[in-house]
Amino acid sequence: MRYLWVCFALFAAPGPSRAADLKISENHVFMLRQDTTKKQQKDSLPADTGQKPKKVTLYGKLTAAFRKDPDELSKFPAISLQQTLKGNYAGLYVQEPSGEPGSIQNMFLRGTPLPLLNKRNVYEAQPLVILDGIPMVGEHPFAFDVQQYDFNRIGTATNLLTNIDINNIESIEVLKDAAATAIYGPRAVNGAILLTTKAPGPRRAITFNTFFGMAQRPGVTTINGKYENEFRQRFYDIYTTNGRYSDDEVYPVYLSDSLNTVYSGKSDWTDLYYRNALVYGLNLGLMGGTDRANFRLSLGNTKSSGVADDTGLDRYSVMFGINMRPVKWLLFSAMVNANRLNRDRNRSLRDRFAQINYFPDMTAPLSPNKDFYGSYIDAYKKGFDDNKTNTVQGYARLVASLGRLSLSSTFNLDYNESYRDIFYARTLLQGNSYASNYYGLNQRLMLDNKASYDLDLAGSHHFNFSAGQSVMWDLFKYSNAYAYKGVNDYIKINLLETDVNDPNYLNPLAFPKQLTYRFLDKTQDNLVSFYGKADYTFKEKYFASVLVRADGSSNAQPTHRWFYAPTLSVGWSIKNEFLKDNTLINDAIFRVSAGRIGRTNSYDNYSQGPQYTAFVGYTGNLTVPGYNAFGALTRSYSFGWVGYDIPWAYSDQLNVGADLTLLDNRLSLAADFYTKIEKNLLLGVPAYAEYGYTQAIKSGMSVKNTGIDLTLSAKVLSAAKFTWNSSLNLNHNKNVLRALPGGLDQLVIGNRLLRVGAATDQYWLLQNDGIFTADAEVPLVNGQPQKYNGIALKAGDPRWRDQNGDNQINDDDKVLLGNAMPTLVGGFENSFRYGNWSLSALLYFNLGRKIINEESAARFDFINREGNSDVASVKEITFWEKRGDYSRYPLYNPWSTVIPYRIDQDLFLENGDFLKLRSLTLGYELKSLFSRKDLMKRLFVYGSANNLFTITGYSGQDPELVGYNGYDTGYGMPIPRTYTLGVKLEL
Amino acid sequence: MEKLSKKKMKNILYLFISAFMLSACSKTLDIDSVRSVSEPNMWKTLEDTRAGIMGVYALTRAALSDNNCHWIYGDVRGGDFLSPKRQDLKAVIGNNLNASYPVIEAMSNWTRFYAVVNSANVFLENVAKVKANDRRYTESNMLVDMAQARFLRAYAYFYMVRIWGDVPFILSSGEGSFENKPRESQARIMAWVEQEMLKAATDLPFVYSNNDPQQPGNYYNEDPGRWGGALVTKNSAYGVLAHVAAWVGDYSRVAGYTRFVLDNYGKSGINYTGTADLTNPNGFFWNKNNRQMLGFNSDWGHIDGSVTGHLEELTLAEPVTNKVVPDIYIPKDTVLKIFNWPNDDRFSIDTLGQPRNERYFTNFNGKYPIFSKIKSIQGGSTDPNFRYFTSALVFTRLEDVLLLRAEALAVLGDRAGAISELINLQSRRLVPNITDVFIDTNRDVVDLIFEERHRELLGEGHRWYDLIRYNKIKQSNQAFMNLIASGGIYWPISRKLISRNTLLTQNAYWN
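Sequences listed follow chains A and B, in order. Start counting the first sequence at 1; every next residue gets the next number (our numbering). Start counting the second sequence at 988; every next residue gets the next number (our numbering).
Everything labelled a hint here was simulated from the structure, so no lab data went into it. Wrong hints could be hidden among the right ones.
Covered by chain B, per the in silico footprint, the following chain A stretches (three or more residues, Cβ under 8 Å) [claimed, not checked]: (1) 82-90; (2) 241-251; (3) 421-433; (4) 626-635; (5) 888-900.
Yeah, the Cβ is synthetic: ideal placement off N, Cα and C, and Gly gets one too.
Excised from the complex, chain B in its bound form (with noise of 0.2 Å):
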């Protein structure tokens, strides 16, 4: 072995050295994801909470468009729309809903509605950390947030309730012991919904930055056009209540609720929609506005619109569309059938049996007339060629309201004044140079205000839960009263979930 200079010997051994304490750094292993959010880094600042609350409006939108549930849950099942091509629909249209279809399966679990109620916990039971780390939080902010959260939260539940009966009833977020629960009877949550929405409700503003006096400042330094229909009001929160008694069969509620949201709506910037803007593109259901009183937007300038998760996937196809058959389609008959009077802007057919105009239906003659009552087409446009929608779910508007007042006083006994009401919506839907409603004072008046829901709400998802209130009223069809009676008004509970938790029970009626 040849001799080495020692110096030389010396440096290449500093050499390995080095790069040997180089690469021990332990910071190597200390790395923060940039693709979540860790516990200790969460709630600090007011932007958490602002990503926390929107969070539970996003999760809300998600549960409620997951495979357009909220209108084959509303509109679909039991409802006039027949489909010629989708088996799945057809089997959601024939109450099989034991049938296995993955929409079907789907639509049969909870999970994404618990997950709105698992984010409006975790929101309430942290938010109190921003409020001692940013003193930018304010106490006013925070109780805006947490009265959304709650609202949001009573609201999944209220929805559950309508779609499964019982179901598990759990208000905290569970983390470390997620204990498995068991289904809690729905008299008991709908108690509590409409105790904790009165209570969001006294917290709710009228209006979001726009110097309303339980929310000073611009909300989150954005201006009201940002946010106005699509955060949660004081007007928002009666309009549930309205349903959620309605839905107890608690009119004398839904008389003093409605009431609250027709003496105030204007505090909202909320009012009543015209005949066109409620069929236009660019119109009511497009985007936002103030008058949605509770919905969720897919607002085509934040790049929120999508081709799934609106009415529109569902109902429209030629020539509104490039799609030659509709999913679901209202056979003229049935039509003609629901849209009963004679001046009726939204659809009528005039002297010759021709439609009037194409707000409602579009094609009306052809095989499949096309319900084009919501057609927000990209930026509001007639473009048939791209099935990119942009209209919000809406839950409630005015009319909803107002026509939910009428069904309370009729069967409060206040005929007159359910008449009054059910004119003062029908006057709105006139042809133009047409001022008189008829109405037929020999029919009762509850079928006149169910018919009216019918036709305004249509495609609204209000239907099945419309006919299960009106045949409640009635008490006269007994096949759906039967229905009623052996559960089969809910949704089989997914056979996973049952299999998961076995303090789940399967509702009777779909063993």
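Chain A extracted, bound-state conformation (with noise of 0.2 Å):
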């Protein structure tokens, strides 16, 4: 029912006609607009009309009293979306995987509608972003398929909601349940973000919002070589005789020599990997105009430089919205919203190995003194790693306010184009350059009718009825090229021969044509959408709204087209019915929302059924582009067996909500019960590996998300002068497999099990009960020793519980441990008022999750990651850096071919619940100190501290600092602690 919000926020100069319509009491409005009584000045509709906000929510309708203010949460020095949002909204997890400015983060609403099994999954699992009803196109994971490495997206990897400058926004609304999202449709089947951006109005205002600050660098522990050489030692202490464990065994030249300065003098490149970093974020915005034609301008810029590694994100930001009313009952409004995005990189090896797709030999690592890392910097300054994205998100809408009826017609376009140009010169790589070249754009183009038409039968029954049609078009592409070993390094682009009459056209210039590769991928995705909706009011008791919606897409198979499907929502006014006169409950809501909306396949190869494709790759070499140059067509091998008849995969969605408002307003509660459950989702189920294939693309795997979103509001103290308000959110959220593909019990994917009945997020590991000091120790059954895989164990092997008792340590010993996803998040604020100052302090936690600490695992299997040319053996410049708990974990022999320090076993899983103090703002309202109250209407000057503590007990870096499967790789920049002053003016 929330779509009427959006429909209704259409007339932001509503027409006289429907003032008479729609009936709403005075006692919702009042609701509504309870706790924005400070912000009813800025309010950005037209003021001579009169006019409240025409708000039918009836759904989280009390919600006003937990909205967040986007002017609180602009204080915080966010530059993504996901930062924004993060800790404020029951029931939206935001994984912030690294501190560095522009990076990817996810959002999970309502826990993760399907196993995380790689990225491209988590890109499935993303909830939908919408601006002003334009739903945001974001990134396709099919670039992926060109990848060995799935680390980053190829290309700029930019977050995309970094286009969002909080100061241009009015509203934000987290919309869960299928009440609220089913009016999307199968885009936002993983519930959405309402964005409303501040309406143009005919008020003349401008305001002036900046903030400035610093990013402070972390204060770390450095090691050196010799420190590492002793941590390795120990190990040939106990496990060799004369410091070889076998005759070829080589240790590293780099430990072996303690006078060596290169890697045992000081340890001092922290003073050129970190700093303290500037941030700060300028807004201007203008508005004005009559009630028949007005605007709103706004301009920005933001910066966000990261601590570590030069890294940093600049935006831009332009943003024009327009009304104008050529006659009373025709409103015509447009909007863009427009951002350029330069983002500053890291300079990981990692990254940049996965990017060229060349593993140097690594015998030798960065060094930790400055003095030689610092030529390595040098080195990579030579060259470049452009990032720049360019956002445009707009509309055009056509509203016609007919009496009863009105029509809506919308155009909507999100466009995105990157582009990411990298050379890196000869030093840095053994002699040989690389050049490369990324564009890539998304798009989305929506055309969106709608029309409703309002009821009154005898004054108590009130109806809305309304239809609507949609069709999205959205088309990704992107060309990549890249080229090795250029004639020198001043030669920086990938020249191509332009003469069209030299046979050589085309043909590259200054990189040899043979080591020049070019690939090109396009894949579109339509949506065709129809729905009817009636909602019906009686005497504002009761409350009913049923939503039936047909969705075409054009990645599903043509035999199953379309969806349909059905989404019925009821409310019940218990306030209205039994409590109109108690005054210890204000108000009290009791709601039901039932609803199935559909998902779309993620890929157009899904519609296809069985197909032929062009992957020959192997390990290490995926993009093979055919044999003896001729172009190869094969069956989808790679990708998996893609059958017939794949229905469309659906969302059953139930909510069960109450609102309550007590104590003169000043308590609220607002708690939702609600249960997802997924069905049909398609899944790679290893499968028919005697037919070539590695999987079988199934449908039918079922996952089931229940919980709680609680959200609290309290008006502690209401005094005059003092006020205090505190307020919780929190999400309790259960995961479940409900079924896999194929009626199967379980399945291993990788390093995962996925067992029906058990949590998609589980760890799957064996579990370890210390070390085999002897190798009589080792248990005996009929004369043979405990093996692991086959391999007899020995002294210097971890014990390994025999779950089965066969004496066999297989997969059949592993067990599930663990949840990636928290099962309790939250944050709680609180914020104190005296006067004009103001204080708040936002707290934000996770618990019940656990971590594998991978970079411990790293660590102690030092032998197995030492100076081959591939990325095990990859040692970042934080190599040097001692993070981690070393006592935690057994001295096991490193050389045993069973691998002791195995990630897949709870010695590496750990507790990731944490406790953070997100921000601390202090402000204070200068207006009053002016004699001319009518100079400005707000002079508002804040100090925020941000990040200050984290509680945990993880032994590694910051728990948050961990990939969307749970493992910490150690590649998470830190999220810094940031201190910034702020002014916020309003002429």
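Could you use the hints to bring the two separately framed chains together as a complex?
Here it is, written out as structure tokens:
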């Protein structure tokens, strides 16, 4: 029913015709506006009409009491929408796997709808972000198809949700249940986040918001080669007699010489790696006009510099909105939000090697000494790594209000294009230069038509009928070229012969043709939707709404093109029914919604059925162009077998909620119990190996998320001069796998076990019970020693729990342990106001979550990760940082072929619970100091300190710096403490 | 409410209605993917058969190149190489194939070989549709294509049997049902392989685009330069047949198949390769040529080279490439043991104890002698800085067939014939100006032949299988005979595969 909110929000300057039609009781309007008193003056709706906003928001009607004011949120120096939202909304979980500004962050609403087996799944689980009715398109994961490693998507890999300047946002709504999201259709199957920009208005106003500040350099403990050598020597002392485990063993040279200043001298690389970084934001807003034509213009620049590795993101933004009313019943409105995002990326070796798809010799890692590390940075700076993204969202909308009938037609556009231009000089890669140029675009065009009709019967029955139809055309494409070994370090781009008559036309000039690669990819995804909706209200007591929709997707198979889904929602005002005169209870509403939403396939391959593709590569060389310079077509052996008759996947969602306001509106409570059952999900089931396939794409997986969202808001103290407001948001979620394709009970995919009845985010691990200190301790059964996958265990090997008692340690002895996703997430905010002073503090916490400390595992497993030309041997500069608690782990024999420090054991499983002080803000309203009150509407200054402390038992870095799968690889850059000073001025 | 002009209102209404109509177009939903080809759009024209048959080749190359497995199966296992740093290769060298390293796990998995089999099955099941649909696709073109698909399918089975012993035997694309199959006895598969190879051999031409009666005209409109060494010929089939027969110990057939090749190699433009050419960066192994009797190329000019999937990735290091420590190397004394005749132009030491040349080994006196027989770097250069390789994966060449023939004759008791073939080869490997081959007539000719195979084919993925054949002939090494008897010569079957297909059983040795 919230869609009405949107519908009516379109009527930014509602005509008089509707005023009489929409019966909204005084009570409701009052409730809605309850906490926005201080914002009322900023209300951008035309003041002359004297209209209140028409919000028939039955569901979460009282959310106004809990609604976060974007103005408050803007005091946090966030660069991305995810950072702005984190910890503020019950049910919305934000992952921030790195503090690198502009890097990808993930959002999950009410749990993960599907197992997160790879990055593609993460893309498929993201909620829809809707900016003024424009459903934003996001990136498509298809680029991972050509990547050996999925650390980053090729291209800029810039977080596209850094395109929102929160100063332009009037309201943020997090839509979680079917009653709210069904209207947005399959694209909102994972929930939706609704952003409404500040509307243009006839009121002349100038706003200026700014903050400046600093992200603080983290303090870390550095180590050097000598330290690492001593660390390793302990293993040599135990397991070797002469310092060598085997005759041909080589001990790393960089560790063996304790007099070597490059590795065993000062470890002061942090001076060049970490820094105090500048952050600032500027936003200027102008609005004005008349009630027939008005506008809002906003200009902004935000810089978020990272504290590590010279990273940062610069945003330049322009937003322009207009309303025009050529005749009273017709409103034309349009908005454009354009941003330019320039990102400075990290210089990590892993990401660079994965990008160039070449692993140089790694016998000598980077030096911890800044004199030597500095020369590496100088070599890096001879080249460039430019990441630029242009994003534009816009709409043009025509709304006709013809009495009880209103029609609206909107054209939406979301377009973003990104460029990544790389040049790595020869000195950086053993004498080989590398150039790469990437261009990618994601585009969504949408035509959206709606009609709605209001009907009142007998005064107390109110109906609203609406129908809508939309078409979305999504297009994703990229072209990527890269080349090795340029002629010199001066020509940094891949020049092509431009003479059409030259036989070498379009051949590269500065780079050898044989070492120049080009890729293109493109995919489309169209969606045609129809819906009809009827809302009914009786005497402000009973509310009901029915929505039926039909969606046709080009990514669905032709035989199952269309999906039909209903949503029903009802509400009951207990207050109006029973408690009209009760003064203790100010409002009480009970509501239920049940609905079904389709889920589109993310790949057009699924729509094809059995198919032929051009993927004939192999490990380390995925992008083999064919054979003998002819393109090859084979069955999709690596993508997996796709059969016919794949139905739509869908989500059945039930929400039961209650809103309660007590004690003279001082205590508000919203509680929602939900269950979301995903059905017919596609899963790549490892199968058909004897037919050449790595997997079969099968339908039939079902995942259920159940949980509770709770928001509690209290005016603890409410004196004239002093107020204390306290609010708590909580989500508890339980995830369970209900079914696997083909009725399977369990399935092993990679390092994960999916078992029906268990959560999909559980780790599958051996349980570690210590160490065999002597061969004699290894259990013997029938004269056979205990074996790990056929290898007899020996002294120095781990004791793994033999769960099934067969004296064999193998996958059958692995158990499901811990959850990668937290079971309880929340934020607790307290704000105080004393006169013109205000103070607020937000605590953010995650509970019931485990982390695999892969970084520690890598340090202990040094024998298998040393000096080879592969990804496991990459040592970043942060290798010289002491992280984790080494005393947690027994000293196993690292040479053992059972790989004692393997990460699929609970030795590295740690509690990932934490509590953070996310922000602390002190502000002062200066306006009263001025004698002329009409000079300005607002002059607010504030200081804020963010991420001041984290309380956690986790031994590694920050427990937030963990991948979507719960593995802490150590690649997350610190989320810094940030201190800012800001001003909010309104004239 | 103000009065509206009716006309205006109508116009506005039309606008909305037309907006509705415009966007309801169902064409929006029927779009063909541009990144994959659906079933109805495939098998229509001869471009489809070309893409299909090239796909079978490409998958074969991928199967053999994946993790450099062709050489790890053939040369690293049980061979002379040592690995200073790679724990997974150490495990292979020590025959610890249960060790849980990713490469070993990947090599225990046969999926990529079955992709070859399946793609050939799909090709054979569908090729007739193109014949019916595209008149440009001639009968002879189809026969040759089918013969190649049969060849590659049989070859994949032969390869799998050598690695795993019994394997599931599937000769249909299985689409729709994909029934799980148990392992089939290798004897039955090998019998089929031999029949299938013979059948393929009858239809395969000696040469492509070069007036072969079985392949008239230009094959897929390309000249012989494009195809030479890239596609399988009649000689490739007989070369592989000789290996097949040798593997099952039927040496009279080996003699027959090798005879065929030795009588006919010229028809395929095949000849013996000189020692210099064998080891030059732009020599025999570089790109493709007719002498690669069965080879899978990574042609530099086709932008087909790569950093992995080549022996060079394992063997080369300083000073040949800028890698400090090679993944594998042969220690000095082992080299001296293998190259034990004095005037060997591939490798031998002079009177001062110094290597005569750097053909097979570079930096011989360094800590790691670099096995540099195959070193096709980039465009056949010696640039050490960029480890990008363009050597072909060669399964068999004329010298290999010649030595197989010698082996067959020796086993069949024709000692003189065997020695004559051995001399034929060895005389081609003498240092310049030396003409006499020294054969120690006191020794068993079988030993001499296998020693020569060891030298000649070092690093070409033959050693492990040679050892098995050798021990089967000699029956003298009890430990190895036990290994053969207990199935320890095979690889374990990936535990993942067994868990997915309950009809599969693990090779007993690896339980």
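Against the structure, the hints:
1. 82-90: Three-residue rule not met by the region 82-90 of chain A, so violated; n is 0.
2. 241-251: holds (count 4)
3. 421-433: Our answer is that it holds, as 3 residues pass the Cβ test (under 8 Å) against chain B, meeting three.
4. 626-635: holds (count 10)
5. 888-900: holds (count 4)
In the structure shown, a violation is registered for the earlier hint numbered 1 alone.
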